[in-house]
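From first to last, the protein sequence lines stand for chains W and F. Counted the way the numbering used here counts, the first sequence spans residues 145 to 423. Counted the way the numbering used here counts, the second sequence spans residues 6 to 324.
Where hints are given, some of them may not hold.
Said to hold, decoys possible - Partial selection, computed: residues in chain F whose CB lies under 8 Å from chain W:
{"hint": "1", "residue": "E60"}
{"hint": "2", "residue": "Y73"}
{"hint": "3", "residue": "R85"}
{"hint": "4", "residue": "N177"}
These are calculated hints, taken from the structure and not from any lab test. On a predicted model such as this, the values are computed, not experimentally measured, just so you know. Backbone N, C-alpha and C fix where the C-beta goes; we use that ideal spot for every residue, glycine too.
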Amino acid sequence: MTLSADRTTGRLPDAFLRPGSSSFVDFLAEHAPDRLPGNRVMPAGVTDPATLSPHATTIVALTFDGGVLLAGDRRATAGPMIASRSIEKVFPADEYSAVGIAGSAGIGLELVRLFQLELEHYEKIEGSLLSLTGKANRLATMLRANLPMAMQGLAVVPLFAGYDLDKDTGRIFSYDATGGRYEEHEHHGVGSGSLFARGSLKKLWRRGMDADAAVQVAVEALYDAADDDSATGGPDTVRGIFPVVATVSVDGYQRIEDAEISRVAEQIVAQRRERGHLA
Amino acid sequence: MNMPFYVSPEQLMKDRADFARKGIARGRSVVVLAYDGGIAFATENPSRALHKISEIYDRIAFAAVGKYNEFENLRVAGVRYADMRGYSYDRSDVTARGLANAYAQTLGTVFITESKPLEVEIVVAEVGATPEDDQIYRLTYDGTVADEHGFVVMGGQAEQLGRKVKDGWRENMSLGEALRLAVAALGSGEGSSSRTIEAAQLEVAVLERGRPRRSFRRLARPVLADLLADGAEASSGEATGDDLPPVDALPVGTATPGTSTADTVPPDPTDSAAGSGDTATTGPDASDAGPEGPTDASPTEEKPDERPEAPGSTPDTER
């Protein structure tokens, strides 16, 4: 398989010069299918493939006035063990969207990398951005390709959020392992702690919140998730590890600084302490 | 039409080179030049959709003159090459040098084996951490690579415009100065007549050293108009601001740093092709950067006199 330039002559392979799709994934499928994450063949005899890669946990998303927010805790687990305390699961997909992953971490991170590249590749070739729905659909297609792996226990469940430049609003999309795409309104959560996080979001989310209020709500929802779900990590003040929180607005993707998250987390802890054991 | 039984390789190569040069010279020029904060690209291009300048990767950009469909094909191939490489290894492993080599081999092979050479000339530029790390590669239709320093002018009246840019260019120009020089050069030509090109007629982009990841940025019309207008005020004496005052003040050495390459690689494709046959002129850089096959095959003859009369006579979008 030719890598990037023809080995014998050094010239660009014909496939590179062929006019066609502006999708990098389609190009890979044609030119180097072995490199697509979904195309790997799982060897027979692996009894529990899900244990091969650590499990990434809770992601929440919520809209606010002028944008959308995506946040994720920092824990990855391998069965009862904590595999990582500082894994990051929320990424910029491009300038106006963000993606978070729950599920099999190894495959999820690779999927994100390919998705980022897919959007950038399209942007460079076409000279324009995909619509937000177009990006969401693209992610669904990529997930669909991962279905065989998902059926063996290596499922990835992303949460996609972005700012729709045509509609001037933040939007949230959730997925299932088969590539089903569902638009969510106001707020949503995925991953092992999402049950608790969603309950929290339901009580805390308000119409017309600004970005600062949204950050507080997101951190509190993750706090609640960490409170009841062993696979979700809470704010770690000892090591200074805090959830990754990012907003996407008309100004683009912006990750909120750790110092700010730390301040918000302290505030929440203080409130809970005050309310006592019922909190 | 009578078909000769035998065509000497020299004649064959010369015909192909002439053909390619004619095509390239018919379009409008692109000026690429380094400034203190990165590398700037400018060309006259009224189209908003058909670009001559575009992004390849984080720190790498592409500019081309010639036939649109041909260089567009190469551009897409370049983006695929870069993305494929970055995906397989790491983003930092994608270099302009590698891409320039792949382009050179491709152009060289087409020049020799296909029935028609590609009528394109390309610049692949990469902005480095410091101005010394900046790389500008210029590739001609036959696969010749030249490692340029400071500036490149290609397409149209490249030689004439190149002289103008060479006179005005110095190290560490500001973006405004660099763009005013580029635009003044683009507006000159056809003897002594010069015109002022409006911001709306320009396609300008920069690779900005200071930007964190993707350093390529197109300059929107208002920004561009501001940058060009600043010069009109600053050099209030000059009509177009094309003669930048500091040039005279600088010693020759600083005015054209990297003189060795800038001089030995003339800004005109016709010169470049004529020179590359007898080793010395483009020799060192061409062999540094990789391919040597096509270079040997280049024709060795005088500059042909088929320079086009009117660069603007054909619709620019086709070129």
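Against chain W, is N177 of chain F within 8 Å by beta-carbon distance? Constraint on N177 of chain F not satisfied, violated at 30 Å.
Per-residue hint verdict: E60 of chain F, partner chain W, C-beta under 8 Å: Holds: closest Cβ of chain W sits about 5 Å from E60 of chain F, inside 8 Å.
Tell me if the interface restraint on Y73 of chain F is satisfied: Cβ within less than 8 Å of some Cβ in chain W. Because about 13 Å separates Y73 of chain F from the closest Cβ in chain W, which is outside the 8 Å limit, the hint is violated.
Agreement of hint R85 of chain F with chain W interface, Cβ distance less than 8 Å: Hint holds; R85 of chain F Cβ to chain W Cβ min 5 Å, cut 8 Å.
Hint compliance for this structure: hints 2, 4 are not met, and every other hint is.
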